[in-house]
Each structure stands twice: as structure tokens, then as C-alpha cells.
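My request is simple: use the sequences and hints to build the entire structure.
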Amino acid sequence: MAIDQSFVGRSYPPTEPYEVGREKIREFAEAVGDDHPAYTDAEAAKALGHPDVIAPPTFAFAITFRAAGEVIQDPGLGLDYDRVVHREQKFAYTRPVCAGDRLSVVSTIESIKTLAGNDVVEIRGEVRDETGAHVVTAWTKLVARAAEEA
Amino acid sequence: MTARISYADVEVGTELPARSFPVTRDTLVRYAGASGDFNPIHWNEKFAVAVGLPDVIAHGMFTMAEAVRVITDWTGDPGAVVEYGVRFTKPVVVPNDGEGALIEVSGKVAALLDDNRVRVDLTATSGGEKVLGMARAVVALA
Chain A
1 MAIDQSFVGR SYPPTEPYEV GREKIREFAE AVGDDHPAYT DAEAAKALGH PDVIAPPTFA
61 FAITFRAAGE VIQDPGLGLD YDRVVHREQK FAYTRPVCAG DRLSVVSTIE SIKTLAGNDV
121 VEIRGEVRDE TGAHVVTAWT KLVARAAEEA
Chain B
1 MTARISYADV EVGTELPARS FPVTRDTLVR YAGASGDFNP IHWNEKFAVA VGLPDVIAHG
61 MFTMAEAVRV ITDWTGDPGA VVEYGVRFTK PVVVPNDGEG ALIEVSGKVA ALLDDNRVRV
121 DLTATSGGEK VLGMARAVVA LA
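Chain order of the listed sequences is A and B.
Take 1 as the starting number for the first sequence in full-length UniProt numbering and just add one per residue.
Take 1 as the starting number for the second sequence in full-length UniProt numbering and just add one per residue.
Think of the hints as simulated: they come from the structure by calculation, not from any bench.
It is possible that some hints are incorrect.
Between beta-carbon pairs, the in silico distance windows are [stated by the list, open to error]:
no., chain 1, residue 1, chain 2, residue 2, range
1, A, Ser-6, B, Pro-54, 32 to 40 angstroms
2, B, Val-51, A, Ala-116, 18 to 26 angstroms
3, A, Asp-74, B, Met-134, 22 to 30 angstroms
4, A, Gly-21, B, Gly-76, 20 to 28 angstroms
5, B, Gly-13, A, Pro-51, 21 to 29 angstroms
6, A, Pro-51, B, Ala-142, 18 to 26 angstroms
7, B, Met-134, A, Asp-35, 22 to 30 angstroms
8, B, Ala-110, A, Glu-110, 21 to 29 angstroms
9, B, Ala-8, A, Asp-4, 49 to 57 angstroms
10, B, Leu-112, A, Gly-78, 44 to 52 angstroms
11, A, Pro-51, B, Ser-6, 22 to 30 angstroms
Distance condition first, Cα-Cα at most 27 angstroms in a straight line; then the derived BS3-like pairs of lysine-lysine [stated by the list, open to error]:
no., chain 1, residue 1, chain 2, residue 2
12, A, Lys-141, B, Lys-130
13, A, Lys-141, B, Lys-108
14, B, Lys-130, B, Lys-108
15, B, Lys-130, A, Lys-90
16, B, Lys-46, B, Lys-130
17, B, Lys-108, A, Lys-90
18, A, Lys-90, B, Lys-46
19, A, Lys-113, A, Lys-90
Every beta carbon over 12 angstroms from chain A, so not counted as near; a handful from chain B, in silico [claimed, not checked]:
no., residue
20, Ala-3
21, Asn-44
22, Glu-45
23, Asp-73
24, Pro-91
25, Val-93
26, Asn-96
27, Gly-98
28, Glu-99
29, Ala-111
Where is the CB? At the ideal position from N, CA and C, for every residue including glycine.
Set out below in C-alpha cells:
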């Protein structure tokens with residue numbers, strides 16, 4: 001089933017703020033095996049010019065992916081969620097995500113395409129802090145594979 | 001932000017130190033918990049096979065997180081990453097044999113940009129197959 005093109009450009013309400021915790025950053029850094037001190041030692045992070053420990057670059061996805069989930073499960077969109085795979089991911093950072101940040105995401109459907117029967121949806125997640133300042137934008141491209149292909 | 005590498009010291013073609021990152025089932029369980037992505041294709045063999053995969057596969061975002069370490073280790077400041085994007089071309093299959101898989105990553109400076117920024121292109125393979133496409137980042141150097 002082709003998905004509804006009229007959803008292109010649609011934005012969803014900002015998510016409730018996600019509070020970035022030091023221990024969550026530590027857990028994430030340990031999970032990816034990265035012992036860079038900027039992720040766990042506030043002094044090391046400050047020596048690099050950051051206000052507090054920072055999160056690894058892809059940590060932002062943990063926040064935007066939850067926001068994107070609300071979009072792809074929007075029944076009106078008609079995406080076959082069980083057949084969805086992650087095709088592309090891109091980030092553009094104004095600054096790194098930092099411990100103590102309270103981050104909110106506005107998701108927008110950037111594009112919808114049908115390629116060889118597969119539905120391809122790109123969602124842009126704009127992540128802002130409590131003051132409304134931009135932190136990072138995440139573009140997530142998802143593909144719902146055509147049913148006959150699997 | 002304080003990158004350790006100076007813009008003046010790099011040119012197009014400068015190679016970053018390559019690295020290999022092991023990934024086992026244990027790694028995937030930890031990553032699932034830390035990232036909040038509990039899709040069973042990353043930990044449940046039966047489920048993965050039922051949806052047409054050869055075995056449990058690594059989270060694409062895990063592979064993306066490992067690949068950028070070649071850049072963040074090189075610059076010294078992970079906050080120096082300005083842009084980072086990848087395409088997930090092939091899954092990293094992680095067998096339940098205690099050894100798992102290896103993600104091998106190399107990178108080189110592909111373009112010199114303004115404001116002391118450079119574009120770095122990454123190559124990531126596992127089992128001889130390219131697992132990321134269009135893997136590139138823009139980083140701010142000193």
C-alpha cells in the first residue's frame with residue numbers, strides 16, 4: 001500500500017523534555033566501548049571547552065528515535081511498521097549533547113518515496129534545549145520493505 | 001572545542017589510524033539497554049531468522065557509533081564533530097559463538113572545507129563486506 005503523500009512536511013508536537021543524565025551517558029559510552037574521558041570526567045570535558053560531560057555523537061539518536069517512533073506508528077501514515085528497516089542516518093550538530101540538557105524534539109516528515117514497491121520515509125528531528133537553542137538535527141531514513149520481497 | 005589535530009597538518013588523502021571493533025551478543029544486549037532499541041532482531045536468533053535474516057544482527061546505530069570513534073580518537077575532542085551521516089548497506093551478522101564479529105573501520109580526509117573544517121570519509125567492513133555506505137563526517141580541527 002502506498003503511503004499518504006499528504007504527510008510530507010507535517011510536523012508533530014514537541015516531545016516532553018528528555019533530561020540527559022551523566023550516568024546515562026556513561027552507560028552509553030560503556031556500551032559502545034568508548035573510554036574517552038570527555039564522556040565520564042567533567043574536568044576532562046571542561047578542558048576541551050565543554051560545560052560538563054558530553055555524550056558520544058550518536059547518543060542523540062536515543063532521543064530522536066523515540067520521537068520518530070510516534071511518527072512511524074501514526075496510523076494515518078499507513079507505514080507497515082513490522083517491515084521497517086533503518087536505511088540512513090545523519091546528524092548535524094550545533095553543539096554536543098551535554099549532561100544536564102533537557103532536550104525536546106520536533107519531528108517533521110521530510111519526504112516520502114516509493115522505490116521498487118518499498119516505502120521510503122525520511123523524518124527530520126530537530127533537537128532543542130530548554131532555552132530553545134538548537135543542539136542537533138537528526139535525519140532518519142526508514143524503509144518499509146515491499147511485502148512480496150521478504 | 002579543542003581538537004588535537006591542526007587543520008594545517010592535514011591534506012586531502014591524510015589517513016586516520018584504522019581500528020577494529022569487536023561485537024558479540026553481550027555487546028548487543030548492553031547496547032540495546034543503553035540506547036533503548038530493544039528490537040528482537042538484535043538479540044533473538046529465532047526472531048531474526050523468522051524475519052529473513054541469517055542470524056542476529058548488530059544495531060546499525062551501534063556500527064555507526066563505532067565507526068565515528070576513528071574520527072573522535074583522532075581529533076581528541078568528540079565535540080568537534082559537526083556533521084555525521086551513514087547509509088546502512090549490509091547488516092553486521094553476530095553469531096552466538098563467543099567470538100561474534102569484527103567491525104573494521106578506516107578513514108581519510110576527503111576534502112578541506114572553510115573554517116578549519118574537513119570532511120572525513122569512513123570505510124567500515126565486517127567479514128569482508130562493506131557495512132556502511134556514504135559514511136562521512138565533517139569535523140572542526142584546531
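Verdict for Leu-112 of chain B, Gly-78 of chain A (Cβ pair) under range 44 to 52 angstroms: holds, 45 angstroms
Status of the stated non-contact between Asp-73 of chain B and chain A (beta carbon gap over 12 angstroms): The assertion about Asp-73 of chain B is violated, with a minimum of 7 angstroms to chain A.
Cβ distance range 32 to 40 angstroms for Ser-6 of chain A and Pro-54 of chain B, holds or violated: holds, 38 angstroms
Pair hint Lys-46 of chain B and Lys-130 of chain B, alpha-carbon separation not exceeding 27 angstroms: holds, 25 angstroms
Pairwise beta carbon distance, Pro-51 of chain A to Ser-6 of chain B, judged against the given window 22 to 30 angstroms: Since the Cβ atoms of Pro-51 of chain A and Ser-6 of chain B sit about 24 angstroms apart, the hinted range of 22 to 30 angstroms holds.
27 angstroms Cα cutoff - pair Lys-141 of chain A, Lys-130 of chain B: Distance of about 19 angstroms is within 27 angstroms: holds.
Claimed clearance of chain A by Asn-96 of chain B, with the beta carbon kept past 12 angstroms: holds, 19 angstroms
Chain A versus Glu-45 of chain B - minimum CB to CB distance exceeding 12 angstroms, so not interface: holds, 18 angstroms
Restraint status (C-alpha distance of Lys-108 of chain B to Lys-90 of chain A at most 27 angstroms): Satisfied, since the Cα-Cα distance of roughly 19 angstroms is no more than 27 angstroms.
Distance restraint between Lys-130 of chain B and Lys-108 of chain B, which requires alpha-carbon spacing of 27 angstroms or less: holds, 16 angstroms
Consistency of the no-contact label for Asn-44 of chain B, given chain A and a CB cut of 12 angstroms: holds, 15 angstroms
Straight-line alpha-carbon gap Lys-90 of chain A to Lys-46 of chain B, limit 27 angstroms: violated, 31 angstroms
In this structure, the hints that do not hold are numbers 5, 18, 20, 23, 24, in rising order.
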